[in-house]
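**Student:** Produce the entire structure from the sequences given, and follow the hints as far as they go.
Residue numbers (the numbering used here), protein chains in the order written: chain A, 121 to 697; chain B, 96 to 271.
There may be inaccurate statements among the hints.
[As the list claims (entries may be wrong)] Interface residues of chain A toward chain B, partial, derived using beta-carbon atoms under 7 Å:
id, residue
1, Thr-259
2, Pro-260
3, Trp-264
4, Pro-441
To be clear, the hints were calculated from the coordinates, so they are not data collected in a lab. Heads up, the beta-carbon is just placed ideally off N, CA and C, and yes, glycines get one too.
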Amino acid sequence: MEVKTASFEKTASPKATTVSGAEAVIKCLLEEGVDTLYGYPGGAIMPVYDELYKYQKQIHHVLTRHEQGATHAAQGYARVSGKVGVAMATSGPGATNLVTGIADAQIDSTPMVCITGQVGSHLLGSDAFQETDIIGISTPITKWNYQITKAEEIPEILAKAFFIARSGRPGPVLIDITKDAQFASLEFNYKKCSGIRSYKPTPEINLIEVERAAEAINNAKKPMIVFGQGVILGGAEELFKQVVEKSGVPAAWTILGLSAMPTDHPLNVGMVGMHGNYGPNVLTNECDVLIAIGMRFDDRVTGNLEKYAKQAKVIHFEIDPAEINKNVYADIPVLGNVNETLKVLLELLKPNKHEAWHQKFKDHYKIEFDKIIKNDLNAERGKIGMAEVIDEINKCSKGDAVIVSDVGQHQMVACRYSKFNQTRSNVTSGGLGTMGFALPAAIGAKMGAPERDVVAVIGDGGYQMTIQELGTIFQTKVPVKIVVLNNDFLGMVRQWQQLFFEKRYASTEMINPDFITIAKGYHIKAKQVSKREGLKEAVTEMMQSKEAYFLEVKVEQEENVFPMVPTGASVSDIRLE
Amino acid sequence: MEKKNFTVSVYTENNIGLLSRIAAIFQKRHINIESITASRSEVNEVMRFTIVVQVTEEQVKKVAGQIEKQIEVIKAFYHTDDEMIYQETALYKINSADFVEDLNIQDFIKESNARIVTVTPKFFVIEKTGKRHETDSLYEKLKPYGLMQFVRSGTIAVTKNEMPISNILEQFDTTN
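**Tutor:** In structure tokens:
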């Protein structure tokens, strides 16, 4: 079957050389600038691995200990570097093990290309050894997928895969290649894909809508910005900061928007959502204009939609037309890449300060500080609190580290308290909430930004879901810092059980192994701290380590994360205790 | 918001696997597809899916948006019944003995503007094209005579107004 792309007809080149399909795969990766890929070999992808042996000086293949680790590592790499992450696996179980990472990348708009081997095309549909319909399985969780059964399709399809993964609203693409296509020969020539007839990655800007948005912002008395990852994905951080500073509008972040703007910026008023800050949540229901920028009104952000910002005129800056009016009606939809729409907006904005309105955020912060933050950061009794650990990391990193968090209470604490000076510093599993994400993602993050400190903050539950990736750390010597905040519980589920299930702690208590011995078994430096007095020294030692370092902190067992918007409640009904 | 019939017309590239991608969008939202057909369209090498669903306008709008997000989908439109000219085709297989013995059946065929497609010594086949209630009406009339088989196609439809798909395609080609 012919695949028609605009680039398809333009690919003929006189410099074609004859190579195998497997070698063509590697050459395509090199053409796309791939220097690192994560994967796990097996029968159906062996021809490609065999070629990789020849190209190992050009492409660093990282052997993860599980295919899920490969996808999360590719995600971590992509999130900090801005490049496309690449993961590779064999057919059957190898391919199905990628599924969690692909779903995670899809919901968090992470550019990733996954390559899977497949049984020979003559065996397709025969329930052959290690055959699964990975195209069928991955269809709902990929931006695009395709099965290659002929070697000559490889350059076209891989070019298309990278183009789709990185353009517009990014996402994961899966390419499945039958073994016979890997063995067969083709005349290799490569042309990067620059367009596909049916795919328009970035909608055209409607200037009238931008003008309407500017007018609404200029006339607003109590405007508020909620910014998401779209600012980072669009590379619009600087422009965004200028928009915020010129308009004087308080800006709050979603969990994936975190680090798009320096945390300590005076106009940065904190996090929205279930465990976000008090002020931005409550004041969402007081603002007169709500300016959503590159965010998608996730239910964890909005709480009860019937009671979400009903009083406000909503302006939605968004690249994906399907997000407009999906959850929240947009009075003014501004389609386009925010890097382009904000440029136009900036010119039209009138300088403003909104001082009285800002004071409201400060007043709410004071309430939250007195009730929660003060205790979180300066607890004097009991075991160490999670926020204290994050605070120590902040002090050592001075806001320059990449923090990769797993999923659970520690994630919310890490996102609430981490300080960031630079963009692409917060790597977490937002939309899917994948436990086990952080350890492999940190490996990828460190490889994507080797010059930066990368600290994985993980709970004891999530750590054990992908703990085998300590083997990858040992083998690659990637100097990541791992902090496990161990409360011997599945903390977030336990919190819900305490608050909403009458303290019936069904299957949330964990009897944990000796994490230090396990880390040492992988020849990774390891330390445990359980007393407050030793925390600073332990964190400092970890942060100064030139090698991988594992730090286990025994934290308060039944600590709860507040503020909290209970499921189904309005954001203005956020609980402080 | 009231649920009503909407016809979603999806113009796509002719690629393997697209039907499952499109169907998954309805499945995810627990929307039952009343009928679905796929065929070539008026534009060269462009396929057209015609999908009938009973949903609210808000739902169909969101679904169309999600369908358009698919890489190989060129454009998705949705229309209400009064904006469409639509038809279905039904085939009715009846025992030949009944046909010969009961003249009522011949009247039914004439009255409903159906036509006989095939006649054999054992059975004959009637074809009726029309709106759902028309094919249903003939079904009810023939049922007492022992329908051997009955099958109905999905809805096929064209809009009363122009669908600017050719212009959209031209635009895609020039902008890339």
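**Student:** Take the hints in turn and mark each one as holding or not.
**Tutor:** Each hint tested on the structure:
1. The criterion of a C-beta within 7 Å of any C-beta in chain B is met by Thr-259 (chain A), whose closest approach is roughly 5 Å, and the hint holds.
2. Hint status for Pro-260 (chain A) relative to chain B: holds, with the closest Cβ pair at about 5 Å, below 7 Å.
3. For Trp-264 (chain A), the suggested interface contact is upheld, since its CB lies about 5 Å from the closest CB of chain B, less than 7 Å.
4. Residue-level restraint check for Pro-441 (chain A) holds (minimum Cβ-Cβ distance to chain B is 6 Å; threshold 7 Å).
Comparing the model with each earlier hint shows no violations; every hint is respected.
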